[in-house]
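Could you put together the complete structure from these sequences and hints?
One line per chain: the protein sequences are A and B, in this order. Residues in the first sequence are numbered consecutively from 1, following the working numbering. Residues in the second sequence are numbered consecutively from 1, following the working numbering.
Relax, there's no trap hidden among the hints.
Straight line, CA to CA, 16 Å or less: simulated EDC-like cross-link-like pairs of lysine to aspartate or glutamate:
#1 A:Lys46 to A:Asp25
#2 B:Lys79 to B:Glu167
#3 A:Lys240 to B:Asp134
#4 A:Lys120 to A:Asp343
#5 A:Lys240 to B:Asp112
#6 A:Lys401 to A:Glu217
Just so you know, the hints here were simulated from the structure itself, not pulled from any lab data. Please read these numbers as outputs of a predicted model, since none were measured by experiment.
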Amino acid sequence: MKILKALLAGSAMLLCGGSVASATDLEVTHWWTSGGESAAVAEFAKAFNATGNHWVDGAIAGGGNTARPVFVSRITGGDPMGATMFNQGRQAEELVEAGLMRDLTDIATKEKWSEVIRPKSLYDGCTVDGKVYCVPVNIHSWQWLWLSHKAFEDAGVPVPTNWDEFVAAAPALEKAGKIPLALGRQAWQTTGAFNVLIPAIAGKETYLKVYRDHDAEVAAGPEIAKVFKAADEARKLAAKSNVQDWNQATNLVITGQAGGQIMGDWAQGEFQVAGQVAGKDYSCLPGLGVNALISVGGDAFYFPKLSDPEKSKAQEVLASTMLNPKTQVAFNLKKGSVPVRGDVDLAAANDCMKKGLQILADGNTIPDPPKLNTEDTNNQLNDLFVEFFSTPSMTPEDAQKRYAEIIASAD
Amino acid sequence: MIFTALVVFLGGTIWTIVYSFTNSKLLPRLRFVGLDQYDRLWSTPRWLASIENLFIYGILSLILSLLIGFILAALLDQKIRFEDTFRTIFLYPFALSFIVTGLVWQWLLNPDFGVQSVVRSLGWDSFTFNPLYDQRIVIYGLLIAGLWQGTGLVMCLMLAGLRGIDEDIWKAARVDGIPMWKTYLFIVVPMMRPVFITTLVIIASGIVRLYDLVVAQTSGGPGHASEVPAKYVYDYMFAAQNLGQGFAASTMMLLSVVIVVVPWAYLEFGGRDRRV
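Set out below in structure tokens:
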């Protein structure tokens with residue numbers, strides 16, 4: 001009873017305090033729910049709360065495909081949140097066109113976003129007709145192969161340095177009772193793995209021709225055929241991987257039950273939470289160790305138009321907090337991604353992150369599929385690859401034919 | 001009331017059908033593209049797989065839940081002791097949502113924790129029962145969960161029907177020396193026709209809208225082996241931000257229901273004087 005009273009008193013005080021200090025509650029929705037991700041998002045919340053406002057966390061578990069429909073229906077249905085995350089690219093394209101998102105150009109010019117945000121493509125990804133509509137918060141890349149040192153030690157083979165060596169080492173891993181390749185069964189992961197194989201096996205040009213120019217002839221051609229062959233190998237290596245979520249698959253690598261995983265650099269957050277050290281407990285191979293390039297994509301926050309002026313002010317504060325150099329470092333170190341500002345101190349970055357920074361500095365980058373394809377095309381690709389990766393009887397040739405059809409119909 | 005019904009049901013339906021002929025993406029827009037969405041729909045392997053899966057699930061679930069439900073009801077009707085207790089036990093799963101049912105059966109059918117591992121730990125090491133990870137039989141994994149959840153309700157409806165049969169009919173049948181199974185099959189079942197029809201409609205509507213069980217239990221996998229049309233509609237309308245495609249698929253679902261329901265309703269209610 002006493003506790004209940006105390007709680008009631010406490011909440012009453014909070015309510016009063018809220019109105020007096022004019023701290024504004026702002027609901028922020030996102031789909032960051034794994035260990036590393038929630039540690040990272042807590043950094044944002046901390047920084048935002050320090051400005052005297054209040055971060056109301058609206059995390060939705062189950063990944064982007066589950067969360068995005070919720071965001072979109074809340075915004076179009078007239079119950080917008082304070083801010084919401086999307087992947088950089090075309091996911092929120094129509095919401096911006098329909099005028100549902102807030103124009104951030106004023107604050108962007110004041111804080112010189114166009115100068116501090118690098119690479120430039122991230123800033124451009126947030127602008128529509130010269131106006132800024134979102135805040136990019138990190139640079140994520142997909143093109144990484146994460147390897148467990150323990151698994152390879154147990155199997156008695158050296159840790160591979162590229163995809164071919166990895167494939168060659170697979171039989172030894174299988175003999176030692178390991179799963180060679182960990183792969184979550186959710187559709188976006190199988191598509192992601194395939195999209196990583198394209199630039200690694202067929203090169204940057206082919207990748208751009210297929211996804212940027214939507215050239216169906218290239219998609220049906222011999223270069224992509226090689227990629228499908230590699231994907232065929234990959235699905236055999238991953239046949240025993242029975243997990244769903246990506247972080248469960250990463251966990252197989254962390255615990256040494258699986259040899260490796262093709263996953264974006266957000267996987268690094270999981271290794272960090274598990275207390276593992278890059279180079280000692282695990283290795284990372286950008287571009288699968290074949291073709292050292294990374295895609296530049298990432299997450300961005302959009303701010304729906306709100307009628308409450310208090311909340312609109314809080315939105316501005318949040319936008320500038322997210323891009324603050326200090327917040328950027330704290331957030332990205334936890335997230336495993338690279339800050340979007342070049343003018344920050346990254347002494348604390350680990351091995352893998354440094355590799356990424358180096359490739360970024362060399363300009364060896366490609367745009368991310370969500371930037372080039374509509375969600376419709378990506379979903380069709382998801383349908384294809386989730387079938388391909390779990391249907392051993394589907395031949396690479398058949399799959400390629402359907403792949404070319406999807407690319408031909410993409411806009 | 002009539003206004004609400006017209007606007008919500010008829011209006012919503014017509015709106016959906018009209019927009020299925022447009023290329024609406026995230027937001028509905030009136031840019032007509034003819035039958036493009038339908039063309040694409042019927043050349044999508046995932047949609048075809050969904051239809052096939054729903055067909056298998058539907059037929060089996062219809063037959064089995066009627067059969068099991070009726071047998072359970074007939075057994076309970078034998079004036080047994082603790083009838084209330086049994087009825088509660090059989091009906092209990094129906095109190096759970098499909099989401100919970102799906103999750104429970106996902107664990108029960110998981111090879112590392114569920115039935116397979118229990119049987120193996122009893123000493124039968126080669127025992128394999130792994131429906132959720134095998135494309136060929138995953139649909140039966142769904143069926144088990146669906147039957148477990150739904151049969152209780154069918155049983156209750158049947159039991160109510162059986163209770164509605166006059167005691168005198170049983171007595172007359174016994175006097176005539178008709179065996180019990182024959183009485184059930186040729187006298188009681190035909191008399192229960194209205195109950196059977198109600199039950200059939202309830203089961204059938206449950207089958208067509210099958211969605212949450214799949215999402216909770218298998219999320220459509222492995223591959224497309226447990227995809228269903230309702231999930232295709234949802235995924236394309238919201239996740240893929242392609243309303244036109246989703247509307248085309250939902251219109252096809254509506255059409256299939258209409259094709260089944262209209263002739264049946266005509267026979268059932270149109271020829272009323274046939275059976276009095």
